[in-house]
Amino acid sequence: MDGTKITTDNSYGAWKFCAWNGMIFMGVFIVFWGIMGHNIPPYAGSLEAEHIATYFRDNRNLVRLGMVISMTFAVSYAVWGISIGKVMDFILGRDHLLTNLQVWGAGLTVVPILVSSSFWLTGSYRPDALPTETLQLMYDMAWLLIDLGYAVTSVQMIALGAGCLRDKRDVPFFPKWVCWYSIWVGFMFTAECLMPFFKDGAFARQGILNFWIEFMIFFIYAPIITYYQLKAINRIRAEVGD
Amino acid sequence: MSGRLSSTGAMLLLVMLTLGAFVAFEFEGASLVAGLSIFVIALAKVQLIIEQFMHLRWSHRPFRQVLYFWSTIVLAVLCGGLFLIPWS
Amino acid sequence: MSELAEVQGKPDVGKSGAGGSALPCDSGVLFFICADMGMFALFFLLFTIGQVSDPETYRASRAMLDPAIGLANTLILIVSGWLVVRAVEAGRAGDWAGARLRVIMALVIGSGFAFLKVYEYAHKFGAGITPLTNEFFTYYFAFTGIHFLHFAIGVGVLLVTISKLRKPQGEATLAWLESAGAYWHMVDLLWVVLFPLLYLAGGVA
Numbered sequence: 001m002d003g004t005k006i007t008t009d010n011s012y013g014a015w016k017f018c019a020w021n022g023m024i025f026m027g028v029f030i031v032f033w034g035i036m037g038h039n040i041p042p043y044a045g046s047l048e049a050e051h052i053a054t055y056f057r058d059n060r061n062l063v064r065l066g067m068v069i070s071m072t073f074a075v076s077y078a079v080w081g082i083s084i085g086k087v088m089d090f091i092l093g094r095d096h097l098l099t100n101l102q103v104w105g106a107g108l109t110v111v112p113i114l115v116s117s118s119f120w121l122t123g124s125y126r127p128d129a130l131p132t133e134t135l136q137l138m139y140d141m142a143w144l145l146i147d148l149g150y151a152v153t154s155v156q157m158i159a160l161g162a163g164c165l166r167d168k169r170d171v172p173f174f175p176k177w178v179c180w181y182s183i184w185v186g187f188m189f190t191a192e193c194l195m196p197f198f199k200d201g202a203f204a205r206q207g208i209l210n211f212w213i214e215f216m217i218f219f220i221y222a223p224i225i226t227y228y229q230l231k232a233i234n235r236i237r238a239e240v241g242d
Numbered sequence: 001m002s003g004r005l006s007s008t009g010a011m012l013l014l015v016m017l018t019l020g021a022f023v024a025f026e027f028e029g030a031s032l033v034a035g036l037s038i039f040v041i042a043l044a045k046v047q048l049i050i051e052q053f054m055h056l057r058w059s060h061r062p063f064r065q066v067l068y069f070w071s072t073i074v075l076a077v078l079c080g081g082l083f084l085i086p087w088s
Numbered sequence: 001m002s003e004l005a006e007v008q009g010k011p012d013v014g015k016s017g018a019g020g021s022a023l024p025c026d027s028g029v030l031f032f033i034c035a036d037m038g039m040f041a042l043f044f045l046l047f048t049i050g051q052v053s054d055p056e057t058y059r060a061s062r063a064m065l066d067p068a069i070g071l072a073n074t075l076i077l078i079v080s081g082w083l084v085v086r087a088v089e090a091g092r093a094g095d096w097a098g099a100r101l102r103v104i105m106a107l108v109i110g111s112g113f114a115f116l117k118v119y120e121y122a123h124k125f126g127a128g129i130t131p132l133t134n135e136f137f138t139y140y141f142a143f144t145g146i147h148f149l150h151f152a153i154g155v156g157v158l159l160v161t162i163s164k165l166r167k168p169q170g171e172a173t174l175a176w177l178e179s180a181g182a183y184w185h186m187v188d189l190l191w192v193v194l195f196p197l198l199y200l201a202g203g204v205a
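Protein chains in written order, with the numbering used here: chain C, 1 to 242; chain F, 1 to 88; chain S, 1 to 205.
So that you can see chain C by itself, here it is in the shape it has in the complex (with noise of 0.2 Å):
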């Protein structure tokens, strides 16, 4: 394909920075969402309000950075997206459907990090003024939202392999397991659907499958894909030339 064609648009160096938002995204997310704001592993669905409103009330400080920089952060995810949507330009052509797809999953995961964080936040602002109940359902919710919604993201994911699987090049921008695993890790998000019915066990918010199994193939989700996006950046540098 004459990537002259595809875009005029040579700012390579903006480029990979956006691609890095995908690592900036993840390394916030994990950090401080989930360390600092108590999040890996969740609370059991099966525990007392009183639970709940004491995590709120002893970490409110920790809960409210953690959400204020995840918050602030969310938006990192779109920008990745974005950036990765460039590279499928390469693939597809310019304005291909796919490559919207893509690009608008991305953005939209931004919406459920960003609300689920904000209830987060929310708990943690007045928890001496709020009834245990309320904190609890303020928790609810934000666990809620943040799993159930995974549609978005598949969206992004399938999008993504199916459309890179479409690279016609002898060595392809991102290798046929790395499209399958995006197309996968998408489809496997729908176990989330089983969530709302538990608050004990594996499909629980807490257990084996809805959390550590489904969180764990999230997490290593953007490393790989930014790998192989770095190195296509590069390979259409050199193919396009500054």
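Don't read these hints as lab results, they were simulated from the structure.
One or more hints might be untrue.
To be verified - Just a few of them, taken from the derived set where beta-carbon distance is under 7 Å, the chain C residues facing chain S:
#1 Phe173
#2 Trp177
#3 Trp184
#4 Lys199
#5 Ala202
Virtual Cβ for every residue (Gly too), placed ideally from N, Cα, C.
Dock chains F and S against chain C, hints included.
Here is chains F and S on its own, set in the frame of chain C:
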């Protein structure tokens, strides 16, 4: 297992193994031996499907090895579990 | 030259597989299949742990399942899988019409699985048994439900295959047929383990 089994032969073998497992269950249902036989038969069927139906006996070496590993682990887990429950 | 190609007296049909394979089944599809089977291995482990910690509930619950339906579904998937193998063999020999007919037959026979599964679910719900009844039924509904989702996707894939076989494009169509076949065999293979796990082994009370 035979490398040159025809697909029809493989299918007939799979049907017979399935019926064999079912008979073991019907007549010896609540016993450790029946349970173990049923799982061994199931994993033999898995091997047949991987080799003869998916044709992995002849190709895709790394995937074939992954699937053999999978079968071994699954068989160990399933049979190990049977040893850990009480039998009268 | 591969052993199979020798057996069939045919030259190698493609080079797209992993490990220098002579068969065109897509390595990416096999990666997906392996990842999915890894997930099911975890399901089998979860079930085994549950059964070890509460064998009586599991046995009593297993007694409420009808193994004859499970048996029928196993046989349906085996025969349907065999028809897909026959379709691949026909495709390799260049008999696209024969391949298409066999995929249609595989789909028709395979759809029996859906009828029996829906009947079984309806029967369970009718008897007041839901995924929340106990842990056994949580796993029963979740695992067979996720498996059924795989089955439904497989049906979609076979439908696309039938349409592609109407206007075959050589190597590409063969690769699609082989990959679709591999996926369909995975649906079969997972059921082959799910059936004894849920319905048979471990005993009934």
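Verification of the supplied hints:
1. Phe173: Since chain S brings no Cβ nearer than about 14 Å to Phe173(C), farther than 7 Å, the hint is violated.
2. Trp177: holds (4 Å)
3. Trp184: holds (5 Å)
4. Lys199: Constraint on Lys199(C) not satisfied, violated at 10 Å.
5. Ala202: With Cβ-Cβ at 5 Å, under 7 Å, it holds.
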